[in-house]
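Peer 1: Fit chain B to the known structure of chain A by using the hints.
Take a look at the letters that make up each chain.
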Amino acid sequence: MNKTDVLIIGAGPTGLFCAHQLGIIGLSCEIVDNLDKAGGQCIELYPDKPIYDIPAVPECTGEELTNNLLKQIKPFNVKFHLNERVEELKKNQNRWNVKTSGGVEFDVAAIVIAGGVGSFEPRKFSVKECEKFEGNSLFYSIKDKSIFKDKTISIFGGGDSALDWAIELSNISKVNLIHRRDGFSGAESSVQKVKELDDQGKLNLYTKYQMDSVVGDKKIKSVKIKHDEGEIKEIKSDYVLGFFGLIMQLGPILDWGLNIDKKTVQVNTENFETNVSGIFAIGDICSYPGKLKLILSGFHEGALAARGCFKYAKPDEKLRFEFTTTSKAAQERLGIKK
Amino acid sequence: MAKITYHTHDNKTHTIDVQNGLTVMEGAVQNDIPGIDADCGGGMACATCHVYVKEEWLDKLPAKEDGEEDMLDMAFEPKNNSRLSCQLIVSDDLDGLEVNIPSKQG
Numbered sequence: 001m002n003k004t005d006v007l008i009i010g011a012g013p014t015g016l017f018c019a020h021q022l023g024i025i026g027l028s029c030e031i032v033d034n035l036d037k038a039g040g041q042c043i044e045l046y047p048d049k050p051i052y053d054i055p056a057v058p059e060c061t062g063e064e065l066t067n068n069l070l071k072q073i074k075p076f077n078v079k080f081h082l083n084e085r086v087e088e089l090k091k092n093q094n095r096w097n098v099k100t101s102g103g104v105e106f107d108v109a110a111i112v113i114a115g116g117v118g119s120f121e122p123r124k125f126s127v128k129e130c131e132k133f134e135g136n137s138l139f140y141s142i143k144d145k146s147i148f149k150d151k152t153i154s155i156f157g158g159g160d161s162a163l164d165w166a167i168e169l170s171n172i173s174k175v176n177l178i179h180r181r182d183g184f185s186g187a188e189s190s191v192q193k194v195k196e197l198d199d200q201g202k203l204n205l206y207t208k209y210q211m212d213s214v215v216g217d218k219k220i221k222s223v224k225i226k227h228d229e230g231e232i233k234e235i236k237s238d239y240v241l242g243f244f245g246l247i248m249q250l251g252p253i254l255d256w257g258l259n260i261d262k263k264t265v266q267v268n269t270e271n272f273e274t275n276v277s278g279i280f281a282i283g284d285i286c287s288y289p290g291k292l293k294l295i296l297s298g299f300h301e302g303a304l305a306a307r308g309c310f311k312y313a314k315p316d317e318k319l320r321f322e323f324t325t326t327s328k329a330a331q332e333r334l335g336i337k338k
Numbered sequence: 001m002a003k004i005t006y007h008t009h010d011n012k013t014h015t016i017d018v019q020n021g022l023t024v025m026e027g028a029v030q031n032d033i034p035g036i037d038a039d040c041g042g043g044m045a046c047a048t049c050h051v052y053v054k055e056e057w058l059d060k061l062p063a064k065e066d067g068e069e070d071m072l073d074m075a076f077e078p079k080n081n082s083r084l085s086c087q088l089i090v091s092d093d094l095d096g097l098e099v100n101i102p103s104k105q106g
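Chains A and B, in that order, give the protein sequences. Everything in the first sequence is counted per this note's numbering, starting at 1 for the first residue and increasing by one. Everything in the second sequence is counted per this note's numbering, starting at 1 for the first residue and increasing by one.
One or more hints might be untrue.
Here are the simulated DMTMM-like cross-link-like pairs (lysine to aspartate or glutamate), alpha carbons at most 25 angstroms apart as the crow flies [stated by the list, open to error]:
hint : chain 1 : residue 1 : chain 2 : residue 2
1    : A       : LYS37     : A       : GLU87
2    : A       : LYS132    : B       : GLU77
3    : A       : LYS291    : B       : ASP32
4    : A       : LYS124    : B       : GLU69
5    : B       : LYS60     : A       : GLU229
6    : A       : LYS193    : B       : GLU69
7    : A       : LYS221    : B       : GLU77
8    : A       : LYS263    : B       : GLU55
9    : B       : LYS64     : A       : GLU44
10   : B       : LYS79     : A       : ASP182
11   : A       : LYS49     : B       : GLU69
12   : A       : LYS236    : B       : GLU68
13   : A       : LYS262    : B       : ASP17
14   : A       : LYS202    : A       : ASP182
15   : A       : LYS226    : B       : GLU55
16   : A       : LYS124    : B       : GLU68
17   : A       : LYS263    : B       : ASP10
18   : A       : LYS195    : B       : GLU68
19   : A       : LYS293    : B       : ASP32
20   : B       : LYS64     : A       : ASP48
21   : A       : LYS99     : A       : GLU84
22   : A       : LYS49     : B       : ASP70
23   : A       : LYS208    : B       : GLU77
24   : A       : LYS208    : B       : ASP10
25   : A       : LYS233    : B       : GLU56
26   : B       : LYS79     : A       : ASP48
27   : B       : LYS79     : A       : GLU188
28   : A       : LYS218    : A       : ASP238
29   : B       : LYS79     : A       : GLU105
Partial pick of chain B residues on the chain A-facing surface, computed with a CB cut under 8 angstroms [what the hints assert, rightly or not]:
hint : residue
30   : CYS40
31   : GLY41
32   : GLU55
33   : TRP57
34   : ASP70
35   : PHE76
36   : GLU98
Keep in mind the hints are simulated off the structure, nothing from the lab. Ideal Cβ positions, reconstructed from N, Cα and C, are used throughout, including at glycine.
With the rest of the complex left out, here is chain A (with noise of 0.2 angstroms):
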């Protein structure tokens, strides 16, 4: 049981910065990401597009924004708990008992939903008889890829992860890599690369083809691909691999009784405290009247929903308002010798 006073959902800027101002007002803090990697989706959809309105920051790219928030948070050594999403939420007395997907619990005296727009899930086939196969031989993302050796994989996808598991797996397996259109948005020297690999014979390139249907009983043996213009083929497979990105899903939060409207948990702007004492939201995953998603918002609504913790965290105190250029405390907190 991890115990701390403030559990953060969401390491997104919008957490790492609610993480600071928790530091600087004397209160602890754990973070939550489903993502194997802290920075959400500045991190994840565009790290290296460049963000033109970050107060005092004429330009700068997701990654590095990301990696400011993390050094700035450095001093107070919060605790980051990745590839996991959070699934349970219990009430014990005063405090917030809450569980991940992978076990790890906490204690919390209360709970910051930081989460943007819902935690990142592979996007799935669309056709529907895909699930019934999935993780036995049908995969959005690879683990072991021994389990590939010898066997005939179809891998759908034009991006990176589909160019670079092909390129790869062709050396072990006999691969089918199937894209929708001839170009591709995975870098140009795989592009290259696949190009070579198909003319050679190592491996078959289909474009402009998308999954029809998958066959199979308990395992896939084929897939059926259509092309543009309407033509189908059906190609032996032992495994089907899909790699469409990621897309956002709300997920648990749904079930945890807060105000949800479209998507977003409604909040009050006094303190980002949504229906539920305790329960804070911050971001692009909160609504009030005029908000606006960005970044810069997400920072004021974490420096406000961080002192709306206190009082859950140290009932028996009242927080001083200070200022980080004159507060002893503060200044200590971040470590700062002078």
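Peer 2: Relative to chain A, chain B alone:
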């Protein structure tokens, strides 16, 4: 101002006057037309505002910018008439545009 018609998956038709300068995505979201998620808020980073454009409109729309086709690879059941509605900026030229919203966005 342009009249945009959204055909939703429940076989309903919504015709809305959308102000010039807004996107076809915003026209849907602001008028509570179901089926357009627009998770990333119009940043061409998520493919959850995917629509099918009525064939006769395909050539009349501004061409796809770099990145839109890449994002459409990720969309739910993309077709030749797929567009991201966040990239379609409304003007008088789009008056009468019809789009179909897919059964889901992911």
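Peer 1: So if I understand the rule, the pair passes when the alpha-carbon distance is 25 angstroms or less; does LYS79/B with GLU188/A pass?
Peer 2: 24 angstroms, holds
Peer 1: Are the Cα atoms of LYS293/A and ASP32/B separated by 25 angstroms or less?
Peer 2: With a Cα-Cα distance of about 18 angstroms, the restraint between LYS293/A and ASP32/B holds, given a limit of 25 angstroms.
Peer 1: Within 25 angstroms, alpha carbon to alpha carbon, are LYS263/A and ASP10/B?
Peer 2: 20 angstroms, holds
Peer 1: Hey, does the ASP70/B contact hint survive, CB to chain A under 8 angstroms?
Peer 2: Since chain A brings a Cβ to about 3 angstroms from ASP70/B, closer than 8 angstroms, the hint holds.
Peer 1: Are the Cα atoms of LYS193/A and GLU69/B separated by 25 angstroms or less?
Peer 2: With Cα atoms ~21 angstroms apart, LYS193/A and GLU69/B stay inside 25 angstroms; holds.
Peer 1: Does ASP17/B sit within 25 angstroms of LYS262/A, going by the straight-line distance between their CA atoms?
Peer 2: Between LYS262/A and ASP17/B the Cα gap is close to 22 angstroms, so the pair holds against 25 angstroms.
Peer 1: Quickly compare the C-alpha distance for LYS132/A and GLU77/B to 25 angstroms and report which way the hint goes.
Peer 2: Holds, at about 19 angstroms.
Peer 1: Within a Cα-Cα threshold of 25 angstroms, do LYS233/A and GLU56/B meet the stated pairing?
Peer 2: Judged against 25 angstroms, a Cα distance of about 30 angstroms means the pair is violated.
Peer 1: Mind checking the alpha carbons of LYS208/A and GLU77/B for me, to see if they're no more than 25 angstroms apart?
Peer 2: Measuring from Cα to Cα gives roughly 13 angstroms; hence the hint holds.
Peer 1: Given the hint that LYS79/B pairs with ASP48/A, does the C-alpha gap stay at or below 25 angstroms?
Peer 2: Outside the cut-off at roughly 28 angstroms; violated.
Peer 1: Double-check GLU55/B for me: the hint is only fine if its C-beta lies closer than 8 angstroms to a C-beta in chain A.
Peer 2: At about 14 angstroms, which exceeds the 8 angstroms cut-off, the nearest Cβ of chain A leaves the hint on GLU55/B violated.
Peer 1: Would the pair LYS64/B and ASP48/A pass a check requiring their Cα atoms to be no farther apart than 25 angstroms?
Peer 2: 21 angstroms, holds
In summary, the numbered hints that this structure violates are 8, 12, 24, 25, 26, 29, 32, 33, 36.
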